[in-house]
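Trainee: Chain U is already provided as a structure; the job is to place chain W on it using the hints.
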Amino acid sequence: MIEWFAYAQVAVAVVAGLLCLVLGLAGRVPNDLVLGSLALVELLLIGQVVTALVAPAVGNPPTGSLLEFWVYLVSAVLLPPAAALWALIDRGRWATVVCGVASLAVAVMVYRMLQIWTVQQA
Amino acid sequence: MNETSTAPSDARRRGRLSGVGRVLVAVYGVLALAATGRSLVQIIERFDEAPVAYALSALAAVVYILATVALVMPGRAWYRIAWATIVFEFTGVIVVGLLSVLRPDLFPHDTVWSWFGRGYLFIPLVLPPLGMWWLARHPVRDVAADTAGDVRRRRVDAEGRA
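For the protein sequence lines, the chains are U and W, in the order given. Following numbering that gives the first Met the number 0, the numbering of the first sequence begins with 0 at its first residue and continues without gaps. Following numbering that gives the first Met the number 0, the numbering of the second sequence begins with 0 at its first residue and continues without gaps.
So here's chain U without its partners, still in its complex pose:
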């Protein structure tokens, strides 16, 4: 895991999450901005998957449990598509809030993944 990339990803997911929460509570139904922010969060997560596959091979192994790391990463990768699917089916203001919740959950999970990679002792 690359530290600055993880922090940037947490920042993007927090901003995307808060944006969706505000838009949803203001009564907006899911629009391109909401789905676009989810897509950006997902794109960065896929970048994280590639990083996590390559990093151990180039001398950047995790200090903690690789299994726990991957459980978090796979769960996080599933969240934005699930929220987007919800938004496409539901199309109400609360679907926008759900998208925000998903992005904030991704932020927490990426932060936890960084801890597992750099702080946690196996």
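These are calculated hints, taken from the structure and not from any lab test. Wrong hints could be hidden among the right ones.
[Unchecked claim] Pulled a few chain U residues facing chain W out of the computed Cβ check, cut under 7 Å:
{"no.": "1", "residue": "Leu66"}
{"no.": "2", "residue": "Glu67"}
{"no.": "3", "residue": "Val70"}
{"no.": "4", "residue": "Ser74"}
{"no.": "5", "residue": "Trp93"}
{"no.": "6", "residue": "Val96"}
{"no.": "7", "residue": "Val97"}
{"no.": "8", "residue": "Val100"}
[Claimed, not checked] Only part of the chain W face toward chain U is listed, based on derived beta-carbon distances under 7 Å:
{"no.": "9", "residue": "Arg21"}
{"no.": "10", "residue": "Val22"}
{"no.": "11", "residue": "Ala25"}
{"no.": "12", "residue": "Val26"}
{"no.": "13", "residue": "Val29"}
{"no.": "14", "residue": "Leu32"}
{"no.": "15", "residue": "Gly36"}
{"no.": "16", "residue": "Val40"}
These numbers come from a predicted model, not from an experiment. The C-beta atom is built at its ideal place from N, Cα and C for all residues, glycine as well.
Mentor: Chain W only, in chain U's frame:
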């Protein structure tokens, strides 16, 4: 616009799964996913270290999944299951939370409920009261009565036409 015109019929048809209740279901789903993932890791990697704590984590995870499903599913039976699972969670987080603070030696290993769910941003402590409030505001007999009413109306319509 579209939303306001469909919201009332949606609310009647879907009962518990309307409005802010959808957010509740989503948060329950995420918590169920998190608890399941973590307990899987604990059981695969080091179950022998703390079988009781990790078995408790797994039980909690299963109950969170059941609660999520029960909140979504219609009908009286699922409504009861939703109440039972949410009360179970609330009891769990209070009892295990208190014990982990007062007698830390009993819970040397983290569970989802240790320190009132501190490892999960206290969501396990906040969510059950919200769930109970939501269930109390949306008693199932309204939905059942609505459905029965619809069926009766439809039958009357059919007879009237015949």
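Trainee: Against this structure, judge whether each hint is valid.
Mentor: Hints and how they fare:
1. Leu66: holds (6 Å)
2. Glu67: holds (4 Å)
3. Val70: For U:Val70, the interface hint holds, since the closest Cβ of chain W sits about 4 Å away, which is under 7 Å.
4. Ser74: holds (5 Å)
5. Trp93: holds (5 Å)
6. Val96: The hint holds - U:Val96 has a Cβ within 7 Å of chain W, the shortest such distance being about 5 Å.
7. Val97: holds (4 Å)
8. Val100: holds (5 Å)
9. Arg21: Holds: closest Cβ of chain U sits about 5 Å from W:Arg21, inside 7 Å.
10. Val22: At about 5 Å, which falls below the 7 Å cut-off, the nearest Cβ of chain U leaves the hint on W:Val22 intact, so it holds.
11. Ala25: holds (4 Å)
12. Val26: With a minimum Cβ separation of about 6 Å from chain U (threshold 7 Å), the hint on W:Val26 holds.
13. Val29: This hint holds: W:Val29 lies near chain U, its Cβ roughly 5 Å from the closest one there, short of 7 Å.
14. Leu32: holds (5 Å)
15. Gly36: holds (4 Å)
16. Val40: holds (4 Å)
Violated hints are absent here; each numbered hint is respected by the structure.
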